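Colleague: Construct all of the structure, not just a fragment, from the sequences and the given hints.
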Amino acid sequence: MLLRRLLRMIPPDEPLLLAGRRIHQASPSAGCAFRGLTARGPLSPQQAQHQPLFIMLGTTTTGKKLDLSRLTDEEAKHVWDVVQRDFDLRKKEEDRLGDLKTKIEKEDTKSELLGNQTSLTESYCIRCLQPFKFLVNSRRQCLDCHHYICKSCSRYNKKEQGSVCDPCHMARVLKIGTLEWYHENVRTRFKRFGSAKVMRSLFKRLNGEHSGSQSDYGADGYEEHSMDATDSQHYKRAPGSHDILVLDVDGGEMNLAEAHVASVFHQMSEQQRADDLVFSESRTVPSRSVSRLSHTSCGSGSGGGPRGSGSYLPGPDDSGEEEEDEDQCRPYLLYQSHLGPCSHTSQESLNSALPPPQISDLNRHISNIETILSRLEQKVTSTYDQASLTPSSSSPLPQWEGVDLEEQQLRQKLHDMTNDISDHSLTSDEDESNGPHSSQEVPAWRSPEGDSKPSRLPTRPSSRTSTVDSILEEEPQQTDSQKTNHMTDSVERKWLPLEEGSESSFRGSTALLVELEGQVAQAAADVQNAQSEVSYIENRIAALNAAGMPVDKKRRSAIPVHPRRLSQNVPSSQVDRFVRNSLYRGSLTQRNAVAKPKTGANCAKPVMTQGS
Amino acid sequence: MTAHKPMGDVRLGLLVVYFSIINLPLPGGSSYLVDIVVITMTDGDYDYLIKLLALGDSGVGKTTFLYRYTDNKFNPKFITTVGIDFREKRVVYTASNPNGTTTGKTFKVHLQLWDTAGQERFRSLTTAFFRDAMGFLLMFDLTSQQSFLNVRNWMSQLQANAYCENPDIVLVGNKADLADQREVQEKQAKELADKYGIPYFETSAATGAEVDKAVITLLDLVMKRMEQCVDKPPVEPANGNGATKLSEAPPNEKKCAC
Chain B
1 MLLRRLLRMI PPDEPLLLAG RRIHQASPSA GCAFRGLTAR GPLSPQQAQH
51 QPLFIMLGTT TTGKKLDLSR LTDEEAKHVW DVVQRDFDLR KKEEDRLGDL
101 KTKIEKEDTK SELLGNQTSL TESYCIRCLQ PFKFLVNSRR QCLDCHHYIC
151 KSCSRYNKKE QGSVCDPCHM ARVLKIGTLE WYHENVRTRF KRFGSAKVMR
201 SLFKRLNGEH SGSQSDYGAD GYEEHSMDAT DSQHYKRAPG SHDILVLDVD
251 GGEMNLAEAH VASVFHQMSE QQRADDLVFS ESRTVPSRSV SRLSHTSCGS
301 GSGGGPRGSG SYLPGPDDSG EEEEDEDQCR PYLLYQSHLG PCSHTSQESL
351 NSALPPPQIS DLNRHISNIE TILSRLEQKV TSTYDQASLT PSSSSPLPQW
401 EGVDLEEQQL RQKLHDMTND ISDHSLTSDE DESNGPHSSQ EVPAWRSPEG
451 DSKPSRLPTR PSSRTSTVDS ILEEEPQQTD SQKTNHMTDS VERKWLPLEE
501 GSESSFRGST ALLVELEGQV AQAAADVQNA QSEVSYIENR IAALNAAGMP
551 VDKKRRSAIP VHPRRLSQNV PSSQVDRFVR NSLYRGSLTQ RNAVAKPKTG
601 ANCAKPVMTQ GS
Chain H
1 MTAHKPMGDV RLGLLVVYFS IINLPLPGGS SYLVDIVVIT MTDGDYDYLI
51 KLLALGDSGV GKTTFLYRYT DNKFNPKFIT TVGIDFREKR VVYTASNPNG
101 TTTGKTFKVH LQLWDTAGQE RFRSLTTAFF RDAMGFLLMF DLTSQQSFLN
151 VRNWMSQLQA NAYCENPDIV LVGNKADLAD QREVQEKQAK ELADKYGIPY
201 FETSAATGAE VDKAVITLLD LVMKRMEQCV DKPPVEPANG NGATKLSEAP
251 PNEKKCAC
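Here the protein sequences come in this chain order: B and H.
Residue 503 in the working numbering sits at position 503 of the first sequence, with consecutive numbering throughout.
Residue 34 in the working numbering sits at position 34 of the second sequence, with consecutive numbering throughout.
Honestly, the hints are just simulated from the structure, not real lab data.
Treat the hints with care, as some may be off.
As the list claims (entries may be wrong) - As a list, the in silico EDC-like pairs of lysine to aspartate or glutamate whose alpha-carbon atoms are at most 16 Å apart: (1) B:Lys-103 - H:Glu-88; (2) B:Lys-103 - H:Asp-45; (3) B:Lys-158 - H:Glu-88; (4) B:Lys-92 - H:Glu-88; (5) B:Lys-103 - B:Asp-166; (6) B:Lys-106 - B:Glu-180; (7) B:Lys-91 - H:Asp-45; (8) B:Lys-91 - B:Glu-122; (9) B:Lys-159 - H:Glu-227; (10) B:Lys-110 - B:Asp-95; (11) B:Lys-101 - H:Asp-45; (12) H:Lys-190 - H:Glu-202; (13) B:Lys-175 - H:Glu-227; (14) H:Lys-224 - H:Asp-47; (15) B:Lys-175 - B:Asp-99; (16) B:Lys-92 - H:Glu-227; (17) B:Lys-92 - H:Asp-47; (18) B:Lys-101 - H:Asp-47; (19) H:Lys-105 - B:Glu-160; (20) B:Lys-151 - B:Glu-122; (21) B:Lys-175 - B:Glu-105; (22) H:Lys-224 - B:Glu-180; (23) B:Lys-101 - B:Glu-160; (24) B:Lys-158 - B:Asp-144; (25) B:Lys-91 - H:Glu-202; (26) H:Lys-105 - H:Glu-227; (27) H:Lys-105 - H:Asp-47; (28) H:Lys-187 - H:Glu-165; (29) H:Lys-105 - B:Asp-166; (30) H:Lys-73 - H:Glu-88; (31) B:Lys-175 - B:Asp-95; (32) H:Lys-108 - H:Glu-227; (33) H:Lys-108 - H:Asp-45; (34) B:Lys-159 - B:Asp-144; (35) B:Lys-175 - H:Asp-47; (36) B:Lys-133 - B:Glu-122; (37) B:Lys-110 - B:Glu-74.
As the structure is a computational prediction, the values presented were derived from the model and not from experiment.
Modeller: Here it is as structure tokens:
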């Protein structure tokens, strides 16, 4: 908490850029470790004074993992302050070296301009432009730039037995001062300097606190969720931008802080070409991401999710950026967590809560559809084979007469089906109204043929249309105006509701989105499957019609084929349908459209199937 | 010292300037530094920024040692360092030739002295800062055998976490003033230091004995390495100083564990 308050004070005044691809080698597990915040008081002096040997031996191996989870808030704040001071000092140093560089560059330009004129450089000091005179102002050659210089502009280097002009000397000092050799070493051994590493860890800790605190909010923490999700989204998005980490999301305190640090990084790296600050490593990629995941999962036990679940994340894509394992670690874990056993942040619970219900709902709908379909088939066959046996006792439409009625009804249903293979509101609606009756009738007049057909239906992938259903649930208020949308349109349309829904419920949770998108794609494919199946059925029905039904009946039946007619035509079971309807009305509106053209076309095809 | 003063370092804004002329006992002309301290934290008027780091078991006196060095004061109270801290000091470094004669070249050096917590629970944090330093004051408590035994572990920590496997190190036995409680004999420590090929000093933060000399010797080592590394192509700068090469634990090949 302290930390967060502190972070809030940091002005987000600078561009939020982190230059350089940063790879964190050492402590991928730190991210998860961070979430478990244990507040341990400092050891007493006596305790701390003499540590047993074995402890140190143990830590030698794990020395590269940075685990700040055991720091108390105050300790973390102190560390933060120290690191901040270090950054200030580094900044100062960068400024200083930058000034030096500028001076040297100026001098270089000058000597470049003058150096071409041999006559001038032969007789004048290129630095101070004083003429060389024998004995009084003898000329000498700089060891570095090889220009002729006077004594006052140079210093003699005993070791090298030669003179070096002042600018070149300055350049040497600068060369030493930048400690290139040192930074080179650090670079080869580590990904970033210690302060930066710790700073990053503190961020993670902060994030950990953030998400951790949400669990306190319980159900009310919804808003927080979305915010946190957004954060994770920005983490995820950052990878995509490869070399530049753009932190653009809504301003939580974290972002401010990160922005500040990022700006520091940026400025410093600008001046020193990111040399020692952010070690850009081109090392990529899939392998790393894998290892990262695995690291993550096996990381200190406070929050490791199962690694396998990370598979649905756009892994290869963001592994390239290699944005700090630590950074990635947290979001990944969050996304993974709903599969995992240890979902202790509310985010996780959110994730775990949402998808499953949807899926089960979808499954229910699917099975509904399937039963309807099979029922329809049964009816059709029965109609054809034994028209006289039509719904006698418990038929939903007892007042209709004979085959015509039955056929009309079936047609209606089929029509709806075709329109709304994905529209469960309608189908389920139908289902409800017919369900009870047909369940009673079916045993009575089910033919062997009818039995075999249904068996085929359930084999369809149960996952299909699942997403659609979830969409429907999220968008129950759809208006009827959308009824006219084409089937494909409706499929595409799902994206919209989906996004909206996801935004509202878990805004910005990219991983979830990705997952849902996958589901939608799957669903779209499945819907098409179903569509073709339905058209097949339609064809069969049409064949039935063509074979056994008088033309006038057909026409008659064709007319009422309109969603609205349904309610008019089927007054019975009003109650049942109403309930169902109100529940899923929205979906109904969505994808009606396709049906009309299809019926016509399908009706044409027919007889052949029938014949077979 | 008030071990960790809370965050905002007030000194930074104050431009406090004071001199502490250190009377260096220069034994046999081996040390070449005149130490004029000018703490002007705000100006960037220095030639080099050198970062040193003190490490060692908890309670050996790292913080008081550095406090003595930077402020020339002693705080007998034990206040455990929270993870990490650092102090700054401006010194004038006078370069010398190997033969002991000064070249007259002087550099203003800004020292950043990292102070680390010795406690185990801060270990991962403090080791992360090892890479931020160019030279190390490896300290133990002359009155604690255990802290001395742990020196070898600290050495391996350094090898694993410093900028290279053979960084410049000075072994420091602190609390030399507590003669009656001494558990580590000078001979022992010297042998260990020789084994590693590093200088050894027995210091007392309480009296200030040898404190400056230890730091300056380390600075000298670092500066020497700096010059060496600049003079020659920076191919293998890390191995430039063979003298400080650690004899124990031969360098393993893990350059970068990623």
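Colleague: Evaluate each hint against the coordinates.
Modeller: Here is what the structure says about each hint:
1. The straight-line distance between the Cα atoms of Lys-103 of chain B and Glu-88 of chain H is roughly 27 Å, outside the 16 Å bound, and the hint therefore fails.
2. At roughly 15 Å between alpha-carbon atoms, Lys-103 of chain B and Asp-45 of chain H fall within 16 Å of each other, so this suggested pair holds.
3. The straight-line distance between the Cα atoms of Lys-158 of chain B and Glu-88 of chain H is roughly 33 Å, outside the 16 Å bound, and the hint therefore fails.
4. Only pairs whose Cα atoms come within 16 Å are accepted, and Lys-92 of chain B paired with Glu-88 of chain H is accepted, the gap being roughly 13 Å.
5. Of the supplied pair hints, the one linking Lys-103 of chain B and Asp-166 of chain B holds, its CA atoms being roughly 11 Å apart against a limit of 16 Å.
6. Between the alpha carbons of Lys-106 of chain B and Glu-180 of chain B the distance comes to roughly 22 Å, so the proposed pair goes past 16 Å and is violated.
7. About 14 Å separates the Cα atoms of Lys-91 of chain B and Asp-45 of chain H, which keeps this hinted pair within 16 Å; it holds.
8. Among the hinted pairs, Lys-91 of chain B with Glu-122 of chain B is inconsistent with the structure: their alpha-carbon atoms are about 42 Å apart, more than 16 Å.
9. The straight-line distance between the Cα atoms of Lys-159 of chain B and Glu-227 of chain H is roughly 12 Å, inside the 16 Å bound, and the hint therefore holds.
10. Our distance criterion of 16 Å between C-alpha atoms is broken by Lys-110 of chain B and Asp-95 of chain B, whose separation comes to about 23 Å.
11. The suggested pairing of Lys-101 of chain B with Asp-45 of chain H holds, with an alpha-carbon distance near 15 Å, which does not exceed 16 Å.
12. With a CA separation close to 10 Å, the supplied pair Lys-190 of chain H and Glu-202 of chain H stays within the 16 Å bound.
13. For the hint linking Lys-175 of chain B to Glu-227 of chain H, the alpha-carbon distance of about 10 Å falls within 16 Å, and the restraint holds.
14. Only pairs whose Cα atoms come within 16 Å are accepted, and Lys-224 of chain H paired with Asp-47 of chain H is accepted, the gap being roughly 15 Å.
15. In summary, the hint linking Lys-175 of chain B to Asp-99 of chain B is supported, as the alpha carbons are separated by about 13 Å, within the 16 Å threshold.
16. With a C-alpha separation of about 23 Å, the suggested pair Lys-92 of chain B and Glu-227 of chain H falls outside the 16 Å cut-off, and the hint is violated.
17. Distance hint between Lys-92 of chain B and Asp-47 of chain H is fulfilled; the C-alpha atoms sit about 13 Å from each other, no more than 16 Å.
18. Pair hint Lys-101 of chain B plus Asp-47 of chain H holds up; C-alpha atoms about 13 Å apart against a cutoff of 16 Å.
19. A C-alpha spacing of about 15 Å is found between Lys-105 of chain H and Glu-160 of chain B, which places the hinted pair at or below 16 Å, so the restraint holds.
20. A distance of roughly 15 Å separates the Cα atoms of Lys-151 of chain B and Glu-122 of chain B; the hinted pair therefore holds under the 16 Å criterion.
21. For the given pair, Lys-175 of chain B sits about 13 Å from Glu-105 of chain B by alpha-carbon distance, which is consistent with the 16 Å threshold.
22. For the hint pairing Lys-224 of chain H with Glu-180 of chain B, the CA-to-CA distance comes to about 15 Å; that is within 16 Å, so the pair holds.
23. Distance check on the hinted pair: Lys-101 of chain B and Glu-160 of chain B sit about 24 Å apart at the alpha-carbon level, beyond 16 Å; violated.
24. For the hint linking Lys-158 of chain B to Asp-144 of chain B, the alpha-carbon distance of about 15 Å falls within 16 Å, and the restraint holds.
25. For the proposed pair Lys-91 of chain B and Glu-202 of chain H, the alpha carbon gap of about 36 Å is over 16 Å, so the pair is violated.
26. This hinted pair checks out: Lys-105 of chain H and Glu-227 of chain H have alpha carbons roughly 13 Å apart, not beyond 16 Å.
27. Restraint check for Lys-105 of chain H and Asp-47 of chain H: the C-alpha separation of about 12 Å stays at or below 16 Å, so the hint holds.
28. Taking the CA atoms of Lys-187 of chain H and Glu-165 of chain H, the gap is about 26 Å. The hint is violated against a cut of 16 Å.
29. For a cut-off of 16 Å, the pair hint linking Lys-105 of chain H to Asp-166 of chain B stands: about 14 Å separates their Cα positions.
30. With a CA separation close to 15 Å, the supplied pair Lys-73 of chain H and Glu-88 of chain H stays within the 16 Å bound.
31. Between Lys-175 of chain B and Asp-95 of chain B the alpha-carbon distance is near 15 Å, which keeps this suggested pair within the 16 Å criterion.
32. For the given pair, Lys-108 of chain H sits about 15 Å from Glu-227 of chain H by alpha-carbon distance, which is consistent with the 16 Å threshold.
33. At roughly 8 Å between alpha-carbon atoms, Lys-108 of chain H and Asp-45 of chain H fall within 16 Å of each other, so this suggested pair holds.
34. Restraint check for Lys-159 of chain B and Asp-144 of chain B: satisfied, since their Cα atoms lie roughly 14 Å apart, inside the 16 Å limit.
35. Annotation: proposed proximity of Lys-175 of chain B to Asp-47 of chain H holds, straight-line Cα distance about 11 Å (limit 16 Å).
36. At most 16 Å may separate the alpha-carbon atoms for a hinted pair to count; Lys-133 of chain B and Glu-122 of chain B meet this at roughly 11 Å.
37. About 54 Å separates the Cα atoms of Lys-110 of chain B and Glu-74 of chain B, which puts this hinted pair outside 16 Å; it is violated.
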